[in-house]
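Student: Residue numbers (our numbering), protein chains in the order written: chain A, 1 to 467; chain B, 1 to 467.
Hints are computed from structural coordinates only; laboratory data are not their basis.
Using N, Cα and C, we set each Cβ at its ideal position, and we do this for glycine too.
Careful: at least some of the hints might be erroneous.
As the list claims (entries may be wrong) - List of simulated lysine to aspartate or glutamate pairs, EDC-like, C-alpha gap at most 20 Å:
{"hint": "1", "chain 1": "B", "residue 1": "Lys308", "chain 2": "B", "residue 2": "Asp107"}
{"hint": "2", "chain 1": "A", "residue 1": "Lys308", "chain 2": "A", "residue 2": "Asp107"}
{"hint": "3", "chain 1": "A", "residue 1": "Lys308", "chain 2": "A", "residue 2": "Asp285"}
{"hint": "4", "chain 1": "A", "residue 1": "Lys308", "chain 2": "B", "residue 2": "Asp143"}
{"hint": "5", "chain 1": "A", "residue 1": "Lys403", "chain 2": "A", "residue 2": "Glu460"}
{"hint": "6", "chain 1": "A", "residue 1": "Lys308", "chain 2": "B", "residue 2": "Glu334"}
{"hint": "7", "chain 1": "B", "residue 1": "Lys403", "chain 2": "B", "residue 2": "Asp434"}
{"hint": "8", "chain 1": "A", "residue 1": "Lys308", "chain 2": "A", "residue 2": "Asp358"}
{"hint": "9", "chain 1": "B", "residue 1": "Lys308", "chain 2": "A", "residue 2": "Asp143"}
{"hint": "10", "chain 1": "B", "residue 1": "Lys403", "chain 2": "B", "residue 2": "Glu224"}
{"hint": "11", "chain 1": "A", "residue 1": "Lys308", "chain 2": "A", "residue 2": "Asp114"}
{"hint": "12", "chain 1": "B", "residue 1": "Lys308", "chain 2": "A", "residue 2": "Glu334"}
{"hint": "13", "chain 1": "B", "residue 1": "Lys308", "chain 2": "B", "residue 2": "Asp114"}
{"hint": "14", "chain 1": "B", "residue 1": "Lys308", "chain 2": "A", "residue 2": "Glu137"}
{"hint": "15", "chain 1": "B", "residue 1": "Lys403", "chain 2": "B", "residue 2": "Asp223"}
{"hint": "16", "chain 1": "B", "residue 1": "Lys308", "chain 2": "B", "residue 2": "Asp358"}
{"hint": "17", "chain 1": "A", "residue 1": "Lys308", "chain 2": "B", "residue 2": "Glu137"}
{"hint": "18", "chain 1": "B", "residue 1": "Lys308", "chain 2": "B", "residue 2": "Asp285"}
As the list claims (entries may be wrong) - Derived contacts from chain B toward chain A, CB cut-off under 10 Å, selection only:
{"hint": "19", "residue": "Glu26"}
{"hint": "20", "residue": "Ala134"}
{"hint": "21", "residue": "Pro142"}
{"hint": "22", "residue": "Asn175"}
{"hint": "23", "residue": "Gln208"}
{"hint": "24", "residue": "Val263"}
Number of protein chains: 2
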Amino acid sequence: MQQLRTSELLVTLPDDGSGPLHGRLEQELRTAIRSGRLAADTAMPSTRALAAQLGVSRGVVVEAYEQLVAEGYLTGHERSATRVACKAVPPRPARDEEPSAPLLEFDFRPGRPDVSQFPRGAWLRSLRRALGDAGNEQLGYPDRRGMPELREALATYLNRVRGAAADSGQVVISNGFSQGLALVCEVLRADGARRVAVENPSHAGSRQAIIAAGLEAVGIPVDEDGLRVDALEQARVDAVLVTPAHQYPTGGVLPPERRAELVAWATRRNPLIIEDDYDAEYRYDREPIGCIQGLAPDRVVYGGSASKTLAPGLRIGWLIVPAAMADRVAAVKERTDNGTATLDQLAFADFLTRGEHDRHLRRMRPIYRQRRDALLAALARHLPALRPAGTAAGLHLLAWLPKGTDEEAFAARAAERGVGVYTLASYRLAGPVDAGIIFGYSGLSETAIETGIRRMAEGEGHLRAAS
Amino acid sequence: MQQLRTSELLVTLPDDGSGPLHGRLEQELRTAIRSGRLAADTAMPSTRALAAQLGVSRGVVVEAYEQLVAEGYLTGHERSATRVACKAVPPRPARDEEPSAPLLEFDFRPGRPDVSQFPRGAWLRSLRRALGDAGNEQLGYPDRRGMPELREALATYLNRVRGAAADSGQVVISNGFSQGLALVCEVLRADGARRVAVENPSHAGSRQAIIAAGLEAVGIPVDEDGLRVDALEQARVDAVLVTPAHQYPTGGVLPPERRAELVAWATRRNPLIIEDDYDAEYRYDREPIGCIQGLAPDRVVYGGSASKTLAPGLRIGWLIVPAAMADRVAAVKERTDNGTATLDQLAFADFLTRGEHDRHLRRMRPIYRQRRDALLAALARHLPALRPAGTAAGLHLLAWLPKGTDEEAFAARAAERGVGVYTLASYRLAGPVDAGIIFGYSGLSETAIETGIRRMAEGEGHLRAAS
Numbered sequence: 001m002q003q004l005r006t007s008e009l010l011v012t013l014p015d016d017g018s019g020p021l022h023g024r025l026e027q028e029l030r031t032a033i034r035s036g037r038l039a040a041d042t043a044m045p046s047t048r049a050l051a052a053q054l055g056v057s058r059g060v061v062v063e064a065y066e067q068l069v070a071e072g073y074l075t076g077h078e079r080s081a082t083r084v085a086c087k088a089v090p091p092r093p094a095r096d097e098e099p100s101a102p103l104l105e106f107d108f109r110p111g112r113p114d115v116s117q118f119p120r121g122a123w124l125r126s127l128r129r130a131l132g133d134a135g136n137e138q139l140g141y142p143d144r145r146g147m148p149e150l151r152e153a154l155a156t157y158l159n160r161v162r163g164a165a166a167d168s169g170q171v172v173i174s175n176g177f178s179q180g181l182a183l184v185c186e187v188l189r190a191d192g193a194r195r196v197a198v199e200n201p202s203h204a205g206s207r208q209a210i211i212a213a214g215l216e217a218v219g220i221p222v223d224e225d226g227l228r229v230d231a232l233e234q235a236r237v238d239a240v241l242v243t244p245a246h247q248y249p250t251g252g253v254l255p256p257e258r259r260a261e262l263v264a265w266a267t268r269r270n271p272l273i274i275e276d277d278y279d280a281e282y283r284y285d286r287e288p289i290g291c292i293q294g295l296a297p298d299r300v301v302y303g304g305s306a307s308k309t310l311a312p313g314l315r316i317g318w319l320i321v322p323a324a325m326a327d328r329v330a331a332v333k334e335r336t337d338n339g340t341a342t343l344d345q346l347a348f349a350d351f352l353t354r355g356e357h358d359r360h361l362r363r364m365r366p367i368y369r370q371r372r373d374a375l376l377a378a379l380a381r382h383l384p385a386l387r388p389a390g391t392a393a394g395l396h397l398l399a400w401l402p403k404g405t406d407e408e409a410f411a412a413r414a415a416e417r418g419v420g421v422y423t424l425a426s427y428r429l430a431g432p433v434d435a436g437i438i439f440g441y442s443g444l445s446e447t448a449i450e451t452g453i454r455r456m457a458e459g460e461g462h463l464r465a466a467s
Numbered sequence: 001m002q003q004l005r006t007s008e009l010l011v012t013l014p015d016d017g018s019g020p021l022h023g024r025l026e027q028e029l030r031t032a033i034r035s036g037r038l039a040a041d042t043a044m045p046s047t048r049a050l051a052a053q054l055g056v057s058r059g060v061v062v063e064a065y066e067q068l069v070a071e072g073y074l075t076g077h078e079r080s081a082t083r084v085a086c087k088a089v090p091p092r093p094a095r096d097e098e099p100s101a102p103l104l105e106f107d108f109r110p111g112r113p114d115v116s117q118f119p120r121g122a123w124l125r126s127l128r129r130a131l132g133d134a135g136n137e138q139l140g141y142p143d144r145r146g147m148p149e150l151r152e153a154l155a156t157y158l159n160r161v162r163g164a165a166a167d168s169g170q171v172v173i174s175n176g177f178s179q180g181l182a183l184v185c186e187v188l189r190a191d192g193a194r195r196v197a198v199e200n201p202s203h204a205g206s207r208q209a210i211i212a213a214g215l216e217a218v219g220i221p222v223d224e225d226g227l228r229v230d231a232l233e234q235a236r237v238d239a240v241l242v243t244p245a246h247q248y249p250t251g252g253v254l255p256p257e258r259r260a261e262l263v264a265w266a267t268r269r270n271p272l273i274i275e276d277d278y279d280a281e282y283r284y285d286r287e288p289i290g291c292i293q294g295l296a297p298d299r300v301v302y303g304g305s306a307s308k309t310l311a312p313g314l315r316i317g318w319l320i321v322p323a324a325m326a327d328r329v330a331a332v333k334e335r336t337d338n339g340t341a342t343l344d345q346l347a348f349a350d351f352l353t354r355g356e357h358d359r360h361l362r363r364m365r366p367i368y369r370q371r372r373d374a375l376l377a378a379l380a381r382h383l384p385a386l387r388p389a390g391t392a393a394g395l396h397l398l399a400w401l402p403k404g405t406d407e408e409a410f411a412a413r414a415a416e417r418g419v420g421v422y423t424l425a426s427y428r429l430a431g432p433v434d435a436g437i438i439f440g441y442s443g444l445s446e447t448a449i450e451t452g453i454r455r456m457a458e459g460e461g462h463l464r465a466a467s
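With the rest of the complex left out, here is chain A (with noise of 0.2 Å):
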């Protein structure tokens, strides 16, 4: 066994003012024990002898001495030596962050909104409002279902904007509409259900949350109209999980008809409907399509959230479930993290409530439309065999390729060119579904969007003439 020497040690107090003499000590005595500098069984230099080498006082050592017995990274017994003692402190690990993705200059990647946008000042004002206003209460673990506040204002809104039918108790707040399909999900599991049906194609994201519940994700068929509800009545699920306001990712607006015809479905088997509500905020050609939700309320759980109208970072998301079933959704929520932030639910519904929230949309309306004709300009320009689908509507554009492209190359090739765009592979179910490229045009100013489609084309010369 080894004496080491003070001399040795090569320990420092380092003079940053950053706490208490022994504090500092027993910091860099655990620093040097990990890094093995101090190996195993080595014994320490005195109290004595180490506060004179220091500088300080004696109870200083004897302090960080003790600290560290404690703690586990000494052994002290009585009349002999203070030893390093625990025999196996690996080295920190290296760090392992993700490799950082190929550089894009344009990136059409779909599904975010331009949050350069994003209303700063406002949502600054709404979040001192709700500092200033919250009781301590509020501070504390939110009610289940959420702050009360926020769903009573999202309820009133969702009511005029969504033509929904729903009373604030009817609401779950959550982080997003993945979460609140998570949860639904589970509840749907611990109900028996097995099979939910959902649009091929479709977000790859819903399908994992439905999979990772415990149930089967069955696909059934869009056409330009959006989900095939005729194919619902063989398929025998427990739930559909469907995007009526503009099927994601082919844009497909459900007309009347068939929103009828899954209100009918539902009646007759007990089904559950799932209602994505996603991109039902941007329509350019009209006033959207209420929400189906309004129709059957106690058929029908609603699905939204901030993420596509704001900015995704503030993780906010909202479900109108049926009365019968809300508490049990709250309850998963509750079990899962103990609800959403609960000041940044107070700011949401002085937002909503403020009218914020209507006046950044019909803000960002115009500009996305615009960009949206941009799109579809370029494309016709450069790459007339394209085939655009879907509805004016949302912060993307699916466009068809022609027979036989193989839309991996055509993507990889863009990718060449600095030209992010995305395929339908993620989205795609078993089952035929044509190759197709997604546009997210909603980060991308007019320019950008005119120069990426150009540059993309460059290498596409057989697609540069109408099909």
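Once you have looked at the hints, place chain B on chain A.
Tutor: Coordinates of chain B only, in the frame set by chain A:
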């Protein structure tokens, strides 16, 4: 079939300036249909007649009818009257809020800090800086592990204050400790784990998270020094959840030998240690003991949150995960809810980095310590037969009842006097745990503590002398 006369429609257009005329008419008609006032199959007045009644142009009514046809409330046929379509829009469900708890004048509910002391001014300054400094990309979806700024700030803070050995790449941000635990359990389950040891008694919410992940919670006894590590050997578990800083709820601090024994067991048997660093910030008699994670960073998942130090409503928690496991835990977080709100994360990073968190803790420690002392004094004075347990730390105190006392009856009598105290019932697993009462003292003034305990003691003659 009945043709509605315009005078029967009873629709008026509210002149509240809330959007275009046709939108207001649509909303009135939706409400009338949903309420049953307009029955199924009712023929609507002609657009011309309704426009005349309302004093609006015919185009307004045409637009409203078309919209409601699209939404499924009305049906329209060439040449025949527009009719009320949906046969079965049920009435709006009644509110189904939870019943309010009985009124307690003195509530010793544990597990909450005194949120009336929440540093609102400092938090608002951090929020304002976060919102002002955030790049646009920081308003998008967060990195699956959390914002790098916060992970860096937490690693620095926990390494300094808690003796952790964390690299920011190992930190995963969650919405509080419960969610973090659920994430870890899901990864354990996917790896084939079956059994997780928990302390007996322990927090019911943590056990629920383990069970909800499909794992079995196996109770291990605690004594006045916390977890009986020697009992782990026979338990054949894949992981252990432990509260070494201040056993919840019995208040023991795990001593050096047991820490070493725990790490040695983990090294030998390869289970995961999940360290809930509960209450570590509040130790009143001496410097807190550093966390176990610092001793064995590749065998320990460390978890903490701002819920007990700042406010539960913030919903911010963190994990330090062994490097080899960090990305998988983060992937579950991403799938669960796409991450925690980014502005809150940036604000908390600012709050930590500027020393506001330390400042708040320094301010709160003497306040809580005085409340604890007041509680101990009041118990000694009024209920000397109760035996307080645990170390001078934390936000709650457990007191053992004399053998044979019915703890539920004790708590019920206290509630009748307007005093809320909490039994060990929800904390107890199978196996012998004595009768005890938990007093959360953090949110009550010293006077309220004294008065509440005195009032409670009035009904407890047999407990008013030392046993």
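Student: Now look at each hint and say whether the structure bears it out.
Tutor: Evaluation of the provided hints:
1. B/Lys308 x B/Asp107: 17 Å, holds
2. A/Lys308 x A/Asp107: 17 Å, holds
3. A/Lys308 x A/Asp285: 19 Å, holds
4. A/Lys308 x B/Asp143: 18 Å, holds
5. A/Lys403 x A/Glu460: 15 Å, holds
6. A/Lys308 x B/Glu334: 17 Å, holds
7. B/Lys403 x B/Asp434: 7 Å, holds
8. A/Lys308 x A/Asp358: 14 Å, holds
9. B/Lys308 x A/Asp143: Holds, at roughly 18 Å.
10. B/Lys403 x B/Glu224: 17 Å, holds
11. A/Lys308 x A/Asp114: Holds. Lysine 308 of chain A to aspartate 114 of chain A sits at ~9 Å (cutoff 20 Å).
12. B/Lys308 x A/Glu334: Satisfied, since the Cα-Cα distance of roughly 17 Å is no more than 20 Å.
13. B/Lys308 x B/Asp114: Distance of about 9 Å is within 20 Å: holds.
14. B/Lys308 x A/Glu137: 14 Å, holds
15. B/Lys403 x B/Asp223: 17 Å, holds
16. B/Lys308 x B/Asp358: Measuring from Cα to Cα gives roughly 14 Å; hence the hint holds.
17. A/Lys308 x B/Glu137: Roughly 14 Å between the alpha carbons, so the hint for lysine 308 of chain A and glutamate 137 of chain B holds.
18. B/Lys308 x B/Asp285: Holds, because 19 Å separates the two Cα atoms, which is no more than 20 Å.
19. Glu26: Holds, because the Cβ-Cβ distance from glutamate 26 of chain B to chain A comes to roughly 8 Å (cut-off 10 Å).
20. Ala134: Constraint on alanine 134 of chain B satisfied, holds at 8 Å.
21. Pro142: This hint holds: proline 142 of chain B lies near chain A, its Cβ roughly 7 Å from the closest one there, short of 10 Å.
22. Asn175: At about 4 Å, which falls below the 10 Å cut-off, the nearest Cβ of chain A leaves the hint on asparagine 175 of chain B intact, so it holds.
23. Gln208: 6 Å, holds
24. Val263: 7 Å, holds
In summary, this structure violates none of the numbered hints.
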